[in-house]
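Protein chains: 2
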Amino acid sequence: MIRLDVSLAERSYPILIGDGLLEAPLPALQALASGRQVAIVSNPAIFALYGASTRRCLGADGAAGPSQVLDILLPDGEAHKDWDSLNLIFDALLAARFDRHCLLLALGGGVIGDMTGFAAAVYQRGVEFVQIPTTLLAQVDSSVGGKTAINHPLGKNMIGAFHQPRLVLADVATLRTLPPRELSAGLAEMLKHGAIADPAYFDRLLTDLAALKACEPRAMMAAVERSCQIKAQVVAQDERESGLRAILNFGHTFGHAIEAGLGYGQWLHGEAVGAGMVMAADLSQRLGLITDQDVARIRSANQAAGLPVAGPAWPPERYLELMSGDKKSEQGTPKFVLLSPFGKAVVRKVPDEPLRQTLQACVQA
Amino acid sequence: MIRLDVSLAERSYPILIGDGLLEAPLPALQALASGRQVAIVSNPAIFALYGASTRRCLGADGAAGPSQVLDILLPDGEAHKDWDSLNLIFDALLAARFDRHCLLLALGGGVIGDMTGFAAAVYQRGVEFVQIPTTLLAQVDSSVGGKTAINHPLGKNMIGAFHQPRLVLADVATLRTLPPRELSAGLAEMLKHGAIADPAYFDRLLTDLAALKACEPRAMMAAVERSCQIKAQVVAQDERESGLRAILNFGHTFGHAIEAGLGYGQWLHGEAVGAGMVMAADLSQRLGLITDQDVARIRSANQAAGLPVAGPAWPPERYLELMSGDKKSEQGTPKFVLLSPFGKAVVRKVPDEPLRQTLQACVQA
Numbered sequence: 001m002i003r004l005d006v007s008l009a010e011r012s013y014p015i016l017i018g019d020g021l022l023e024a025p026l027p028a029l030q031a032l033a034s035g036r037q038v039a040i041v042s043n044p045a046i047f048a049l050y051g052a053s054t055r056r057c058l059g060a061d062g063a064a065g066p067s068q069v070l071d072i073l074l075p076d077g078e079a080h081k082d083w084d085s086l087n088l089i090f091d092a093l094l095a096a097r098f099d100r101h102c103l104l105l106a107l108g109g110g111v112i113g114d115m116t117g118f119a120a121a122v123y124q125r126g127v128e129f130v131q132i133p134t135t136l137l138a139q140v141d142s143s144v145g146g147k148t149a150i151n152h153p154l155g156k157n158m159i160g161a162f163h164q165p166r167l168v169l170a171d172v173a174t175l176r177t178l179p180p181r182e183l184s185a186g187l188a189e190m191l192k193h194g195a196i197a198d199p200a201y202f203d204r205l206l207t208d209l210a211a212l213k214a215c216e217p218r219a220m221m222a223a224v225e226r227s228c229q230i231k232a233q234v235v236a237q238d239e240r241e242s243g244l245r246a247i248l249n250f251g252h253t254f255g256h257a258i259e260a261g262l263g264y265g266q267w268l269h270g271e272a273v274g275a276g277m278v279m280a281a282d283l284s285q286r287l288g289l290i291t292d293q294d295v296a297r298i299r300s301a302n303q304a305a306g307l308p309v310a311g312p313a314w315p316p317e318r319y320l321e322l323m324s325g326d327k328k329s330e331q332g333t334p335k336f337v338l339l340s341p342f343g344k345a346v347v348r349k350v351p352d353e354p355l356r357q358t359l360q361a362c363v364q365a
Numbered sequence: 001m002i003r004l005d006v007s008l009a010e011r012s013y014p015i016l017i018g019d020g021l022l023e024a025p026l027p028a029l030q031a032l033a034s035g036r037q038v039a040i041v042s043n044p045a046i047f048a049l050y051g052a053s054t055r056r057c058l059g060a061d062g063a064a065g066p067s068q069v070l071d072i073l074l075p076d077g078e079a080h081k082d083w084d085s086l087n088l089i090f091d092a093l094l095a096a097r098f099d100r101h102c103l104l105l106a107l108g109g110g111v112i113g114d115m116t117g118f119a120a121a122v123y124q125r126g127v128e129f130v131q132i133p134t135t136l137l138a139q140v141d142s143s144v145g146g147k148t149a150i151n152h153p154l155g156k157n158m159i160g161a162f163h164q165p166r167l168v169l170a171d172v173a174t175l176r177t178l179p180p181r182e183l184s185a186g187l188a189e190m191l192k193h194g195a196i197a198d199p200a201y202f203d204r205l206l207t208d209l210a211a212l213k214a215c216e217p218r219a220m221m222a223a224v225e226r227s228c229q230i231k232a233q234v235v236a237q238d239e240r241e242s243g244l245r246a247i248l249n250f251g252h253t254f255g256h257a258i259e260a261g262l263g264y265g266q267w268l269h270g271e272a273v274g275a276g277m278v279m280a281a282d283l284s285q286r287l288g289l290i291t292d293q294d295v296a297r298i299r300s301a302n303q304a305a306g307l308p309v310a311g312p313a314w315p316p317e318r319y320l321e322l323m324s325g326d327k328k329s330e331q332g333t334p335k336f337v338l339l340s341p342f343g344k345a346v347v348r349k350v351p352d353e354p355l356r357q358t359l360q361a362c363v364q365a
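Order-wise, the sequence lines are chains A and B. Oh and the first sequence: position 67 is 67 in this note's numbering, straight run, nothing missing. Oh and the second sequence: position 34 is 34 in this note's numbering, straight run, nothing missing.
By construction, these hints were calculated from the structure, which means they are not laboratory data. There's no promise every hint is true.
[Stated by the list, open to error] Anything over 10 Å on all C-beta distances counts as not near chain A; from chain B, calculated:
no., residue
1, Gly62
2, Ala121
3, Val122
4, Gln124
5, Arg125
6, Lys147
7, Ala149
8, Met158
9, Ile159
10, Thr177
11, Cys215
12, Glu225
13, Gly288
14, Asp292
15, Lys344
16, Gln364
[Said to hold, decoys possible] Derived pair list, reagent style EDC-like, types lysine to aspartate or glutamate, alpha-carbon separation capped at 20 Å:
no., chain 1, residue 1, chain 2, residue 2
17, A, Lys156, B, Asp84
18, B, Lys156, B, Asp91
19, A, Lys156, B, Glu321
20, B, Lys156, A, Asp91
21, B, Lys156, B, Glu321
22, A, Lys213, A, Glu225
23, B, Lys156, A, Glu225
Note that this is a predicted model, so its numbers are computed, not measured. Yeah, the Cβ is synthetic: ideal placement off N, Cα and C, and Gly gets one too.
Please build the complete structure, drawing on both the sequences and the hints.
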């Protein structure tokens, strides 16, 4: 088992990474849950696979276990990351008279993590929660940094909070039940971490790609650790995204536009970010910040990882319209995360002309 | 103009108390709003009275004013302190493409303040806001301390956040348009401040009662200042209510039960707290913590202020059921804020018998 600490003063927390973590009672989780009201929030598919082992891991049947365990199942998918689903959590907690000393457990992917985290942020003005991410994307991305949110019909993740978990359990064994498309989506965020912070890690991901696609535990645990480390270092310097943290959004301004334009859930978030990284790299090259070879490196890594390398075939105006509502915008003008050079990221406003060229060059034929 | 600082490290903010503050451009507000997207959140009745002066106070027409001013009007009353009304704020902000550098202004009573504050806490994961409380209750209570929330069908203020304003403007001139019942409701919280922290202030409120009911500026400004001071001192020691801050809930465990049982909006919050203080004082006396005379002192102050001195005529079981969901509960057992002695408050679990006696003695015949 690997232990990694996210350093955020009194909100610091450990990430435990292992292969089969959920298979036995886990002291770190039991210590947190002992004597408390605990709610496991999940969706039916994930709960069928890991609900029983999560209860075991909690020590739910032991004498020192939680005082009460409540299962709350939400409908699956990004389309349900909304107030109605969030309210199912509040309804269940209030009906069971959970007080503000209770503990929520998020068992699932990014949608479950975001919703459970946001519910924990605002239930009775804030309760504690634990993340048990069961997708690769959630293990390397949403489990680090405390961003929680729901979607609004007019924008993704528009309603949310910064709320740090008390503990994250990343069990790579849960990745073996993941569809290949979701594994690729996770790889997109990992490649992103390499591209913005660690070129050697970027290359190692490509070397290990076959082992990672096969969920070989040693390779996977090492990669999850390095990605979490990179993200944790950035977040520790800028918890509430007033500056540096924005570099983690490399590929996301374009990616969010793709997701919003297609309707959430058509492309996976990681797929949209994959195409978005190629677009952001292309834009970086047009601004003279990286080379043609760097762009090719990102494009071919995406291809090898099974990710799209171009956005939907929309005119530039459609992309520009979709991007103007981005959370990084200031009064309607989006900012872009660019590479300068490969392995380092900067945040910039961008002239109209190269942006339009990228939007013409990087869409599907 | 009186300036009072609420000390909460990097979340500290000033409260400006004056008579006619909104009548002219106010440098402290203009400095905050200059160049930003600003939304004034209010209800139709309050906005009709103070909307134009708030815009003036903001310097909305000047060159150094906000880049954009948006008016958002919500339906009036506690019954609308819910997700649907909150979502009207998000809809308006997103439709107008307000970004996360925007500023929200809460112009109104506690309901507007709670909803605007909560909207600010979660819009794009948190934006800044200013409180312009126009009721006495809001000036002395909800404008200090950063508690924001909406109601849930299963409980009052169950969904919310701690989110501090950047500035509070308490203009006692706005109290002159307040119905007498609402003025009395504000007096209840002020008497509470005296009872838990400053007996001399409690007595001064009674001496000045005629001047306060007539909204005489000098008496009102001094009383608003002292109440805000007392609350600010408590909040500064315990921002997130992990201990001491709970003493501010004197009268509230009973009061919330009354509000919940009657349906929100039947009694004003301050009226329910008024009756709740008499009940909490009676309970304190039964536990030997204060004298009969202290209970009489609170009862007669309530009467003089025009507040109820007993709860609705429900059997004790109904009160106990309503109180078991209180946010101060631990696994269903409510805690009570008691006086010990008069002028000082403590938080305690309470034996069943004296509690039942209080519930029998302190209800309307």
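Structure-based check of each hint:
No Cβ of chain A approaches the Cβ of B:Gly62 within 10 Å, the least distance being about 18 Å, so the stated non-interface status holds. Distance check for B:Ala121 against chain A: the nearest CB is about 7 Å away, which does not clear 10 Å, and the non-interface claim fails. In this structure B:Val122 is not separated from chain A by more than 10 Å, as the shortest Cβ-Cβ distance comes to only about 5 Å. For B:Gln124, the non-interface assignment is contradicted: its Cβ lies about 5 Å from the closest Cβ of chain A, within the 10 Å cut-off.
The claim that B:Arg125 is not at the interface with chain A is violated, since a C-beta of that chain comes within 10 Å of its own (minimum 5 Å). Listed as a non-interface residue, B:Lys147 fails to keep its Cβ farther than 10 Å from every Cβ of chain A; the least gap is roughly 7 Å. With a closest Cβ-Cβ approach of about 7 Å to chain A, B:Ala149 is found to fall inside the 10 Å limit, against its non-interface label. Separation of B:Met158 from chain A is inadequate, the least Cβ-Cβ distance of about 6 Å not exceeding the 10 Å criterion.
Taking the minimum C-beta to C-beta distance to chain A, about 5 Å, the non-interface status of B:Ile159 is violated against the 10 Å cut. Non-interface call for B:Thr177 relative to chain A: holds, since the shortest CB-CB distance, roughly 31 Å, exceeds 10 Å. The Cβ of B:Cys215 lies farther than 10 Å from every Cβ of chain A, with a closest approach of about 33 Å, so its non-interface assignment holds. Distance to chain A confirms B:Glu225 as a non-interface residue, since its nearest Cβ pair spans about 27 Å, more than 10 Å.
The beta carbon of B:Gly288 is kept farther than 10 Å from every beta carbon of chain A, the shortest such distance being approximately 28 Å. For B:Asp292, the non-interface assignment is confirmed: its Cβ lies about 34 Å from the closest Cβ of chain A, beyond the 10 Å cut-off. B:Lys344, annotated as away from the interface, keeps every beta carbon of chain A farther than 10 Å; the closest lies near 25 Å. Separation of B:Gln364 from chain A is adequate, the least Cβ-Cβ distance of about 28 Å exceeding the 10 Å criterion.
Note on A:Lys156 and B:Asp84: the hinted pairing holds, with a Cα-Cα distance of about 19 Å set against a maximum of 20 Å. Restraint check for B:Lys156 and B:Asp91: not satisfied, since their Cα atoms lie roughly 24 Å apart, outside the 20 Å limit. For the proposed pair A:Lys156 and B:Glu321, the alpha carbon gap of about 40 Å is over 20 Å, so the pair is violated. Using a Cα cut-off of 20 Å, the hinted pair B:Lys156 and A:Asp91 holds, with the two alpha carbons roughly 13 Å apart.
Our distance criterion of 20 Å between C-alpha atoms is met by B:Lys156 and B:Glu321, whose separation comes to about 15 Å. Using a Cα cut-off of 20 Å, the hinted pair A:Lys213 and A:Glu225 holds, with the two alpha carbons roughly 16 Å apart. The suggested pairing of B:Lys156 with A:Glu225 is violated, with an alpha-carbon distance near 42 Å, which exceeds 20 Å.
When each numbered hint is compared with the structure, violations occur for hints 2, 3, 4, 5, 6, 7, 8, 9, 18, 19 and 23.
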